[in-house]
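Note that the protein sequences, when read in sequence, are chains A and B.
Quick note: the first sequence uses our numbering, first residue 1, plus one each step.
Quick note: the second sequence uses our numbering, first residue 1, plus one each step.
Some hints could be false.
In silico lysine-lysine, DSBU-like type, Cα no more than 35 Å apart, as pairs [unchecked claim]: (1) B:K61 to B:K15; (2) B:K111 to A:K212; (3) A:K207 to B:K111; (4) B:K134 to A:K207; (5) B:K205 to B:K115; (6) B:K115 to A:K207.
According to the in silico footprint, chain B covers these stretches of chain A (three or more CB under 8 Å from chain B) [said to hold, decoys possible]: (7) 106 to 119; (8) 127 to 135; (9) 202 to 214.
Hints were generated in silico from the structure; no laboratory data involved.
On a predicted model such as this, the values are computed, not experimentally measured, just so you know.
We put the CB at the ideal spot given by N, CA and C, even for glycine.
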Amino acid sequence: MELIQYALDNLNLLLGRTVEHIALVGVAVGIAILTGVPIGIAITRSERIARAVLYVASIIVTIPSIALFGIMIPVLSLIGHGIGYVPAVIAVLLYSQLPIIRNTYTAINNVNPALREAARGIGMSPNQRLRMVEIPLAVPVIMAGVRTAVVLNIGVMAIAAYIGAGGLGTFISRGISQSDPRQLIVGAVAVSLLAIVVDYGLLAVQKALTPKGMERAAETA
Amino acid sequence: MIQLDNLTKVFDTPKGAVVAADHISMEVPAGEICILLGPSGCGKTTTLKMINRIIRPTSGKVFIDGEDTSGLDTQELRRNLGYVIQQIGLFPNMTIEENITVVPRLLGWDKARYKARAREMMAMIALEPDAFLKRYPSELSGGQQQRIGVARALAADPPVMLMDEPFGAIDPINRAVIQDEFLKMQQELRKTIMFVSHDIDEAIKMGDRIAVFREGRLVQYATPDDLLAAPKNAFVESFLGEDRALKRLNLVKVREIVTDEIGTVSPGDTLQTALAKIDDFGYQNAILMVNERGQPAGIIGRSVARTTKGYCRDHFQAVPAVVGLDDDLRKAASLMFAHDITWLPCVDEEGRVCGQITQRAMTSHLGARFRARQGDDRTPHPALKE
Numbered sequence: 001m002e003l004i005q006y007a008l009d010n011l012n013l014l015l016g017r018t019v020e021h022i023a024l025v026g027v028a029v030g031i032a033i034l035t036g037v038p039i040g041i042a043i044t045r046s047e048r049i050a051r052a053v054l055y056v057a058s059i060i061v062t063i064p065s066i067a068l069f070g071i072m073i074p075v076l077s078l079i080g081h082g083i084g085y086v087p088a089v090i091a092v093l094l095y096s097q098l099p100i101i102r103n104t105y106t107a108i109n110n111v112n113p114a115l116r117e118a119a120r121g122i123g124m125s126p127n128q129r130l131r132m133v134e135i136p137l138a139v140p141v142i143m144a145g146v147r148t149a150v151v152l153n154i155g156v157m158a159i160a161a162y163i164g165a166g167g168l169g170t171f172i173s174r175g176i177s178q179s180d181p182r183q184l185i186v187g188a189v190a191v192s193l194l195a196i197v198v199d200y201g202l203l204a205v206q207k208a209l210t211p212k213g214m215e216r217a218a219e220t221a
Numbered sequence: 001m002i003q004l005d006n007l008t009k010v011f012d013t014p015k016g017a018v019v020a021a022d023h024i025s026m027e028v029p030a031g032e033i034c035i036l037l038g039p040s041g042c043g044k045t046t047t048l049k050m051i052n053r054i055i056r057p058t059s060g061k062v063f064i065d066g067e068d069t070s071g072l073d074t075q076e077l078r079r080n081l082g083y084v085i086q087q088i089g090l091f092p093n094m095t096i097e098e099n100i101t102v103v104p105r106l107l108g109w110d111k112a113r114y115k116a117r118a119r120e121m122m123a124m125i126a127l128e129p130d131a132f133l134k135r136y137p138s139e140l141s142g143g144q145q146q147r148i149g150v151a152r153a154l155a156a157d158p159p160v161m162l163m164d165e166p167f168g169a170i171d172p173i174n175r176a177v178i179q180d181e182f183l184k185m186q187q188e189l190r191k192t193i194m195f196v197s198h199d200i201d202e203a204i205k206m207g208d209r210i211a212v213f214r215e216g217r218l219v220q221y222a223t224p225d226d227l228l229a230a231p232k233n234a235f236v237e238s239f240l241g242e243d244r245a246l247k248r249l250n251l252v253k254v255r256e257i258v259t260d261e262i263g264t265v266s267p268g269d270t271l272q273t274a275l276a277k278i279d280d281f282g283y284q285n286a287i288l289m290v291n292e293r294g295q296p297a298g299i300i301g302r303s304v305a306r307t308t309k310g311y312c313r314d315h316f317q318a319v320p321a322v323v324g325l326d327d328d329l330r331k332a333a334s335l336m337f338a339h340d341i342t343w344l345p346c347v348d349e350e351g352r353v354c355g356q357i358t359q360r361a362m363t364s365h366l367g368a369r370f371r372a373r374q375g376d377d378r379t380p381h382p383a384l385k386e
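Could you put the whole structure together from the sequences, leaning on the hints where they help?
Written out as structure tokens, the structure is:
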């Protein structure tokens, strides 16, 4: 009861932090889609390059977020953004690359070879094949990668409160430093709820973006 | 017209160079269907796919209607060659209409024109436009999907079609139906078609010419009838099968060997007249009775005619079977076997008796080609040649 009371008393603050959190993750994953999808498509041309790119992206994900923030402080200090918004967005951007690149690459690579041959055989250029056939068919899998990235990084962004990026992590970090379990738990629960709600929201988006003719095929698969 | 000039493909594999197609030269006249036939790995598909550069030729040239295609842009070339593959390859993200109109859209047709074309194509493949155009490929049966596949290839009205085992994945009953539909369409469209198959029966049914491949080489290129009558070597002979003489039954129409010499009686004749006619015409067992419109009405048996008195109209048996002039000999033979008879009355389009076909005439017609060949010393028996 005490927790709910606390949450209600600080509802405005809580909502503000939530919006801040969503904005941070949204901007970062948004940029990650703009970079990751083209990279994922580009590396389908060469298996060797694909392996190298996916390897690097995998290594990035293994770096603990705290360490990554630490590394970025001296580097970004050179441009006056050692802490705060910029390093938080960059960290999420980097962590998002693996799921987005990997899913894009896999999805494009797994397009039925017969469809690719039909598309070539009727005279589509490589760009037309991408635009008319391969990307529409890959969208559900790419969106699944985006969902993974978003959920993963809602958690990462909570830690970014330590470098002053704001968001729901602020409740957690204050809760710890002030030995206030109410703030700690409200922050933690809010982060978890946000991850779940956003995941469902994106699932709906994924379904909306899935080409109509593939819904049935996807259900029976 | 499609002309291949020394078309060759060499694949570099870890085990060394493999010649998939070895100096293939052939010509398909405009408006004909040429079947590329052979066992798997014989180079027939490689040859087909070199025409639209799905596989790049190592050397050699392809001419379409006399024009060397090596000067053409690949996409432009492909848009002028209808392409149908065994896996069908309809785009699952597009409606049937979008699938059919994909080439016209690539060619920049305006919307009204390609929409009208989609309906026209649906009429051609006998599918209801309103029921199907807005649906997706996953909602259609395999046979319907391949009809759409054919419609997509034909939508921009290319002069040439390339078909890679187009009906291979369809169940036998539907396959026969689609083959018949396709042949009917082809009679009007007169496209020049290259068609890969590994099924000898399909080749005989569909092909104006058949090119038999083996290990990357073109072994024999002939009309189905010539191929069956005179296989060039032991390989072709074994590929055609030991029943190849029977396969020719498909190729000959009743019209070609029907004889209009047929004795008949009418219902009002006496059995005595019938017996006399049976003897006059030298028939063994029976004579056909026709009604006043000239249609077959019954059979008068010799034994009945000999032992009974009366009129034909009171003592006939049912006609076991008749054939039409445009039926093939396979149907005629099948009816004879089924009814244990050695002759069949033939009827014209109005159902009037116009002659008969006998087992003797059939075997003699089919055997004529073989006998002619054996009499020709320049082509020794293949077994002796090898």
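Right, here's what the structure says about each hint:
no.	hint	result
1	B:K61 to B:K15	27 Å, holds
2	B:K111 to A:K212	22 Å, holds
3	A:K207 to B:K111	29 Å, holds
4	B:K134 to A:K207	20 Å, holds
5	B:K205 to B:K115	34 Å, holds
6	B:K115 to A:K207	29 Å, holds
7	106 to 119	holds (count 6)
8	127 to 135	holds (count 3)
9	202 to 214	holds (count 4)
The structure meets every hint from the earlier list without exception.
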